[in-house]
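Chain order of the listed sequences is Z and C. For the first sequence, the numbering used here assigns the number 178 to the initial residue and increments by one for each residue that follows. For the second sequence, the numbering used here assigns the number 7 to the initial residue and increments by one for each residue that follows.
Treat the hints as calculated values from the structure; they're not laboratory data. Please note: incorrect hints may appear among the correct ones.
[Said to hold, decoys possible] Partial selection, computed: residues in chain Z whose CB lies under 10 Å from chain C:
{"#": "1", "residue": "Ala-226"}
{"#": "2", "residue": "Pro-227"}
{"#": "3", "residue": "Lys-246"}
{"#": "4", "residue": "Gln-255"}
{"#": "5", "residue": "His-288"}
{"#": "6", "residue": "Glu-292"}
{"#": "7", "residue": "Asp-336"}
[Stated by the list, open to error] In silico SDA-like cross-links for lysine to any residue, where the CA-CA straight-line distance does not exceed 20 Å:
{"#": "8", "chain 1": "Z", "residue 1": "Lys-250", "chain 2": "C", "residue 2": "Asn-164"}
{"#": "9", "chain 1": "Z", "residue 1": "Lys-250", "chain 2": "C", "residue 2": "Phe-167"}
{"#": "10", "chain 1": "C", "residue 1": "Lys-227", "chain 2": "C", "residue 2": "Glu-243"}
{"#": "11", "chain 1": "C", "residue 1": "Lys-283", "chain 2": "Z", "residue 2": "Lys-691"}
{"#": "12", "chain 1": "Z", "residue 1": "Lys-250", "chain 2": "C", "residue 2": "Arg-273"}
{"#": "13", "chain 1": "Z", "residue 1": "Lys-451", "chain 2": "Z", "residue 2": "Arg-517"}
{"#": "14", "chain 1": "Z", "residue 1": "Lys-700", "chain 2": "C", "residue 2": "Arg-273"}
{"#": "15", "chain 1": "C", "residue 1": "Lys-283", "chain 2": "Z", "residue 2": "Trp-277"}
{"#": "16", "chain 1": "Z", "residue 1": "Lys-700", "chain 2": "C", "residue 2": "Pro-337"}
{"#": "17", "chain 1": "C", "residue 1": "Lys-310", "chain 2": "Z", "residue 2": "Pro-218"}
{"#": "18", "chain 1": "C", "residue 1": "Lys-310", "chain 2": "Z", "residue 2": "Lys-691"}
{"#": "19", "chain 1": "Z", "residue 1": "Lys-250", "chain 2": "C", "residue 2": "Thr-46"}
{"#": "20", "chain 1": "Z", "residue 1": "Lys-250", "chain 2": "C", "residue 2": "Asn-277"}
{"#": "21", "chain 1": "Z", "residue 1": "Lys-250", "chain 2": "C", "residue 2": "Glu-163"}
{"#": "22", "chain 1": "C", "residue 1": "Lys-283", "chain 2": "Z", "residue 2": "Asp-336"}
{"#": "23", "chain 1": "C", "residue 1": "Lys-310", "chain 2": "Z", "residue 2": "Tyr-409"}
{"#": "24", "chain 1": "Z", "residue 1": "Lys-250", "chain 2": "C", "residue 2": "Gly-346"}
{"#": "25", "chain 1": "Z", "residue 1": "Lys-250", "chain 2": "C", "residue 2": "Arg-135"}
{"#": "26", "chain 1": "C", "residue 1": "Lys-283", "chain 2": "Z", "residue 2": "Pro-218"}
{"#": "27", "chain 1": "Z", "residue 1": "Lys-250", "chain 2": "C", "residue 2": "Ser-447"}
{"#": "28", "chain 1": "Z", "residue 1": "Lys-250", "chain 2": "C", "residue 2": "Arg-237"}
{"#": "29", "chain 1": "Z", "residue 1": "Lys-691", "chain 2": "C", "residue 2": "Pro-337"}
{"#": "30", "chain 1": "Z", "residue 1": "Lys-250", "chain 2": "C", "residue 2": "Arg-15"}
{"#": "31", "chain 1": "Z", "residue 1": "Lys-505", "chain 2": "C", "residue 2": "Ile-343"}
{"#": "32", "chain 1": "C", "residue 1": "Lys-342", "chain 2": "Z", "residue 2": "Glu-247"}
{"#": "33", "chain 1": "C", "residue 1": "Lys-310", "chain 2": "Z", "residue 2": "Lys-451"}
{"#": "34", "chain 1": "Z", "residue 1": "Lys-250", "chain 2": "C", "residue 2": "Arg-443"}
{"#": "35", "chain 1": "C", "residue 1": "Lys-310", "chain 2": "Z", "residue 2": "Arg-241"}
{"#": "36", "chain 1": "C", "residue 1": "Lys-44", "chain 2": "Z", "residue 2": "Leu-569"}
{"#": "37", "chain 1": "C", "residue 1": "Lys-44", "chain 2": "Z", "residue 2": "Gln-256"}
Glycine is no exception: its CB is placed at the ideal position from the N, C-alpha and C atoms.
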Amino acid sequence: MLIVAGVALTGAAMLSGSIESQRVRLKLLTVTSDESIAKNPRTVLLQVAPGGLRAPMLTYLWLRSQQLKEDGKFFDAQQLRDLICDLSPHFPGVWSFHAWDMAWNISVATHTPDERWMWVSNGIRLLRDRGLYYNPDNLLLYKELAWIYFSKMGQYTDDMHMVYKRRWAGEMNHVLGAPPFSDTPDAAIEAFRLIADAPKTLANLEKDASSADFVKRLAGFDVKPDGAFLNYYNRYSGDSSVSPPEWLANEPSEKDKPIAGLMRSVELSDARAKVLAFVRRKVLVEKYRMDPNWMLELMERYGPMDWRNVNSHAIYWATLGLHKAEGKGLAGINALNTDRTFLGGLKSLTRTGQVYCTYNQDNPEEPYVDFLPDWRFVEAVHREYLKGGKILVRKPSGEPGDINSNKNVLLNGHMTYLSNAIQQMYFGGHEKRAEYYYSEIKNTLKAKGAIYKLDLHAFVREKRRQAGVPSTEMSNALIGGALRRAYRALAGGNHDGYRRGRALARRVHRAYYKDVAGKARFKPQSFRKIERDFLIRMLLQPRAVGLIIPLITKAKLYNALSPTMQQEIYPLIAERLRQQCQTERINFNKAFPAPMSVSSP
Amino acid sequence: MRNIWAVTRQTFIQCLRTRIMVVFCVLLVVCVLGIGFKMTGDGTLKGRIQTFLSYSISLTQLLLCLITIFLTTGIITADIRHKYVFTVVSKPLARWQYVLGRWCGVVGMMGLLLVMALGSIYLLSQHIRKQPTRIERKSVSSLMQRKKMDPDRLGVENEIFAARETYLPEPPNIEKTLQQKIKQLIEEKGKDNLIRDYIKKMVPDEAKAEKVFDHPKMRQKAFREIELVLREQITEEARQAQTGKAIGLTFTGLKPASADESLLQIRYKLNPFKSSKTTLAGAWQIVNPDGPTGPPQYRSDSAKMTSSFMLDPRLVSKEGRLTVFYINLQPGTIVKIQPGDVVVLQRVGSFESNLVRAGLLILLRLMFLAAVSVLFGVFLSFPITCLAVMMIFTTGMASGFIQDATRLPKKTEPSTFEYFSHYLVKGIFVAVPTLSRTSASDSLVDGEYIAPKTLLREYLVTFKQPGTDSGRFWQTMGLEIQAGIGLRTLLTLVIGWLIFRRRELAGIN
Numbered sequence: 178m179l180i181v182a183g184v185a186l187t188g189a190a191m192l193s194g195s196i197e198s199q200r201v202r203l204k205l206l207t208v209t210s211d212e213s214i215a216k217n218p219r220t221v222l223l224q225v226a227p228g229g230l231r232a233p234m235l236t237y238l239w240l241r242s243q244q245l246k247e248d249g250k251f252f253d254a255q256q257l258r259d260l261i262c263d264l265s266p267h268f269p270g271v272w273s274f275h276a277w278d279m280a281w282n283i284s285v286a287t288h289t290p291d292e293r294w295m296w297v298s299n300g301i302r303l304l305r306d307r308g309l310y311y312n313p314d315n316l317l318l319y320k321e322l323a324w325i326y327f328s329k330m331g332q333y334t335d336d337m338h339m340v341y342k343r344r345w346a347g348e349m350n351h352v353l354g355a356p357p358f359s360d361t362p363d364a365a366i367e368a369f370r371l372i373a374d375a376p377k378t379l380a381n382l383e384k385d386a387s388s389a390d391f392v393k394r395l396a397g398f399d400v401k402p403d404g405a406f407l408n409y410y411n412r413y414s415g416d417s418s419v420s421p422p423e424w425l426a427n428e429p430s431e432k433d434k435p436i437a438g439l440m441r442s443v444e445l446s447d448a449r450a451k452v453l454a455f456v457r458r459k460v461l462v463e464k465y466r467m468d469p470n471w472m473l474e475l476m477e478r479y480g481p482m483d484w485r486n487v488n489s490h491a492i493y494w495a496t497l498g499l500h501k502a503e504g505k506g507l508a509g510i511n512a513l514n515t516d517r518t519f520l521g522g523l524k525s526l527t528r529t530g531q532v533y534c535t536y537n538q539d540n541p542e543e544p545y546v547d548f549l550p551d552w553r554f555v556e557a558v559h560r561e562y563l564k565g566g567k568i569l570v571r572k573p574s575g576e577p578g579d580i581n582s583n584k585n586v587l588l589n590g591h592m593t594y595l596s597n598a599i600q601q602m603y604f605g606g607h608e609k610r611a612e613y614y615y616s617e618i619k620n621t622l623k624a625k626g627a628i629y630k631l632d633l634h635a636f637v638r639e640k641r642r643q644a645g646v647p648s649t650e651m652s653n654a655l656i657g658g659a660l661r662r663a664y665r666a667l668a669g670g671n672h673d674g675y676r677r678g679r680a681l682a683r684r685v686h687r688a689y690y691k692d693v694a695g696k697a698r699f700k701p702q703s704f705r706k707i708e709r710d711f712l713i714r715m716l717l718q719p720r721a722v723g724l725i726i727p728l729i730t731k732a733k734l735y736n737a738l739s740p741t742m743q744q745e746i747y748p749l750i751a752e753r754l755r756q757q758c759q760t761e762r763i764n765f766n767k768a769f770p771a772p773m774s775v776s777s778p
Numbered sequence: 007m008r009n010i011w012a013v014t015r016q017t018f019i020q021c022l023r024t025r026i027m028v029v030f031c032v033l034l035v036v037c038v039l040g041i042g043f044k045m046t047g048d049g050t051l052k053g054r055i056q057t058f059l060s061y062s063i064s065l066t067q068l069l070l071c072l073i074t075i076f077l078t079t080g081i082i083t084a085d086i087r088h089k090y091v092f093t094v095v096s097k098p099l100a101r102w103q104y105v106l107g108r109w110c111g112v113v114g115m116m117g118l119l120l121v122m123a124l125g126s127i128y129l130l131s132q133h134i135r136k137q138p139t140r141i142e143r144k145s146v147s148s149l150m151q152r153k154k155m156d157p158d159r160l161g162v163e164n165e166i167f168a169a170r171e172t173y174l175p176e177p178p179n180i181e182k183t184l185q186q187k188i189k190q191l192i193e194e195k196g197k198d199n200l201i202r203d204y205i206k207k208m209v210p211d212e213a214k215a216e217k218v219f220d221h222p223k224m225r226q227k228a229f230r231e232i233e234l235v236l237r238e239q240i241t242e243e244a245r246q247a248q249t250g251k252a253i254g255l256t257f258t259g260l261k262p263a264s265a266d267e268s269l270l271q272i273r274y275k276l277n278p279f280k281s282s283k284t285t286l287a288g289a290w291q292i293v294n295p296d297g298p299t300g301p302p303q304y305r306s307d308s309a310k311m312t313s314s315f316m317l318d319p320r321l322v323s324k325e326g327r328l329t330v331f332y333i334n335l336q337p338g339t340i341v342k343i344q345p346g347d348v349v350v351l352q353r354v355g356s357f358e359s360n361l362v363r364a365g366l367l368i369l370l371r372l373m374f375l376a377a378v379s380v381l382f383g384v385f386l387s388f389p390i391t392c393l394a395v396m397m398i399f400t401t402g403m404a405s406g407f408i409q410d411a412t413r414l415p416k417k418t419e420p421s422t423f424e425y426f427s428h429y430l431v432k433g434i435f436v437a438v439p440t441l442s443r444t445s446a447s448d449s450l451v452d453g454e455y456i457a458p459k460t461l462l463r464e465y466l467v468t469f470k471q472p473g474t475d476s477g478r479f480w481q482t483m484g485l486e487i488q489a490g491i492g493l494r495t496l497l498t499l500v501i502g503w504l505i506f507r508r509r510e511l512a513g514i515n
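Could you build the full structure based on these sequences and the hints that come with them?
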């Protein structure tokens, strides 16, 4: 027996070397033992300590987790799932299943927004923070993660999809703030470049004397350059991209006054900007496990993604998965190798790419969010459709084929997409762009049918007539377009035009509201709120609604508004407009007089 | 009695001196404290307390069971192996007194440990209860108003720190519909034709069917069967709701509302009928003939998963009735509610009294394991006794799973292996009690009342109507009797004593 044991031991010892090298070659060993023990001792212990009982333990835990789920008991769901994953960390299917189970199944079995969001974010965190740590090259996990962002959070199937969108926008707004808006993507990309190019370590940051001095000043208040810095910055800096107007009027408490001064100091603005970029990078990398350089690459290639939009994250994880798992660069990634996530995400960005967050006093974690179409992504989608189509029709010899042939299964989707985008651009005040893509449908895609022989205006009218009640995004575009016409007319003193435009917007809203009655997840906000938010955007960010409005015209528009509307919007626009007036040396109080209280005599 | 007390006291002291006891006690303290401070559950305060209670009570029970097995087995087998027993049995002490004294000593020790462990769990749970919920942590001006509506706090106070009785709905009253249906069928076909058609369906051979029909008693029997089939059919229909239709459920025997009443809870599971829908839209309407009628609760629920919501206790009528309607709002889907899928939970006692009863349930298991250890210990060696008792313990704890896994299939003809495993398991559970039948930790986690009758059932005996799973013997008897764990403990001790009495302790060479 001793001889047999000896032979067996020797055999095992001889095999262990080749098994180890196979593990490395097949990428089964993704985390070194030392690193794993240091970072996750519990996981290492759980893999070793149960010995032969690991499999029965897993079976028991799996049965218990499913039984508790069926019984509607979720108190232990996350810990059980963590334990199951810790027992089999290199098995991607386990991570993928449990993340999906939490984000899709358990979440819909709960009934409050807090609970729903908790389970969806638990699913995300399980994959992003833990699953991908052990399986960084596994495409399945990236795909599942991207799908949660795209389908669960980005689409409309879940009753509480707006809760997810709002919570996510709130989180990202806290980290990155609103990107600057311009007709071209450059401003947003350049703003993000500061974050991507920021020093990766504190030591590197402190090589810059002004940054080191700022970090030292922060240390004086016991604040480190991390998430804590962001809290103070967002609260006291007065940076309009992160601070809601409500906060600007608030005076800091006595205790916070010195640090508020540091956040507002004009002399230290350069150093503060460098530290801010460093902190934002750090939070993105450490908390959200994202690579700012890949984010920047995506923005340069596809457009000025607003990271407060869940679709941007769907695209990020879908493409990063292909990059990590198959070594593909962005140039090699196309709509055909990412299921629907990548192209779907890009298309969603054209419909909902502009994000506007409004502070929610009752629940600051869940700001009010408006999504408007963003025509800057139309070109990227058009390009990707063409790219995919060309691959589909390519001949076996490698020669290019006819993109309009039957082989191009993307063609119909491409034309439908462009038709909708044209309508949105048309109503959004971008007629030239709409004209360009209409010519693309006719010339490049060679669309057939009488409707394509019409001119742009007639084409849009006919399409609207055929479609009947507009979809969610289309109704947003129509309402936005009508309000744009109405308030442009009002600013120019054309009251008839204002009344006509506003009446049209109301009609579209009413028709859409009636159409989605009973479907809570599609229910739009009240017309009054939509109108109010539109006005605020028009006065503060006119480019976002396709306009360039001088300050004097803004004042004319403001003074032409009804007293009740003035009273509603004044607290939200006053501080920003006051700053603009100071820059242009205009008397703010005369240009934008405070409204009389409606209720006061 | 003095003799038993002497052995008991001696055993108690002996238990205190063993090293294994110290090891397990340290383990118990570390586990309970570790779970209390480390486990966070699903992130809510309610989830944290539920996780703490679930793990700490389960672990306490497991550790105490293991100590019981090792201690009892160790003491009894060591007595015989090292011949300490000679010094005891040579005294004027009957062998049954020795067996009972040893058993009482270990059970007493375990009882003390159990009280200490449950006491610590209680104190820790109260400490966690005082922690703020997520909403309470937020410094908002309307904090007090939010506190009243905070679902997490409501859950903690109404669902955990309470002992709630579970009420099942009354069976649907279908008598009137049944009589109408029978009358209609008789009018349409005539009673004789109705019976003839039924017999023909049952007996395909026409000649034989006619013979059966000619027999008046068989005709009566067939008519009763027709009635039974119709009754089942109408009952099934009453449990289904088509889109836009409602299912009415009446709960009786509830406590009428008083001023400071805790909230009621409705717990339900919806089943889509012949549909693969995973989410079901519906509404619940509560009707109280004496007072306010609650607004309809519009909900979207996952199919085949348990959901719940809270109810105003004032919706219970003065007679203790609660009428609930489920309205199916899912287009194109029939929703079915099986008996037992909807229950109402109402507070009838305190968490503390429930904890005491949970302790008694755990103690019962320890008493049984101590008795089994005594039984095997008096004639087997330490390792074999441990193995045997552990087998019985694990089988008893996994009884629910084992019985489910070996249940005979209903839709297909069972194979020989399935018959064999089913009856083998049935045979095993005649001797081995189902230790998982009433779970102390599950009851405390869900705030479910452990009724005195449950304790009686577990300690003594259960009488129940034989079901389809019951054997032919019980079906013939018309009443099924199941011995409780307490009774089995007594029986085990008696057998242990009988074996020990006949055992020759000192062999003659």
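The hints, checked one at a time:
| no. | hint | in the structure |
| --- | --- | --- |
| 1 | Ala-226 | violated, 15 Å |
| 2 | Pro-227 | violated, 16 Å |
| 3 | Lys-246 | holds, 7 Å |
| 4 | Gln-255 | holds, 5 Å |
| 5 | His-288 | holds, 7 Å |
| 6 | Glu-292 | holds, 8 Å |
| 7 | Asp-336 | holds, 6 Å |
| 8 | Z/Lys-250 x C/Asn-164 | holds, 15 Å |
| 9 | Z/Lys-250 x C/Phe-167 | holds, 16 Å |
| 10 | C/Lys-227 x C/Glu-243 | violated, 24 Å |
| 11 | C/Lys-283 x Z/Lys-691 | violated, 26 Å |
| 12 | Z/Lys-250 x C/Arg-273 | holds, 11 Å |
| 13 | Z/Lys-451 x Z/Arg-517 | violated, 38 Å |
| 14 | Z/Lys-700 x C/Arg-273 | violated, 29 Å |
| 15 | C/Lys-283 x Z/Trp-277 | holds, 18 Å |
| 16 | Z/Lys-700 x C/Pro-337 | holds, 19 Å |
| 17 | C/Lys-310 x Z/Pro-218 | violated, 38 Å |
| 18 | C/Lys-310 x Z/Lys-691 | violated, 32 Å |
| 19 | Z/Lys-250 x C/Thr-46 | holds, 15 Å |
| 20 | Z/Lys-250 x C/Asn-277 | holds, 18 Å |
| 21 | Z/Lys-250 x C/Glu-163 | holds, 17 Å |
| 22 | C/Lys-283 x Z/Asp-336 | holds, 15 Å |
| 23 | C/Lys-310 x Z/Tyr-409 | violated, 47 Å |
| 24 | Z/Lys-250 x C/Gly-346 | holds, 17 Å |
| 25 | Z/Lys-250 x C/Arg-135 | holds, 19 Å |
| 26 | C/Lys-283 x Z/Pro-218 | violated, 42 Å |
| 27 | Z/Lys-250 x C/Ser-447 | holds, 13 Å |
| 28 | Z/Lys-250 x C/Arg-237 | violated, 35 Å |
| 29 | Z/Lys-691 x C/Pro-337 | holds, 18 Å |
| 30 | Z/Lys-250 x C/Arg-15 | violated, 44 Å |
| 31 | Z/Lys-505 x C/Ile-343 | violated, 52 Å |
| 32 | C/Lys-342 x Z/Glu-247 | holds, 17 Å |
| 33 | C/Lys-310 x Z/Lys-451 | violated, 54 Å |
| 34 | Z/Lys-250 x C/Arg-443 | holds, 19 Å |
| 35 | C/Lys-310 x Z/Arg-241 | holds, 16 Å |
| 36 | C/Lys-44 x Z/Leu-569 | violated, 55 Å |
| 37 | C/Lys-44 x Z/Gln-256 | holds, 11 Å |
Hints 1, 2, 10, 11, 13, 14, 17, 18, 23, 26, 28, 30, 31, 33 and 36, counting from the list given before, are not met by this structure.
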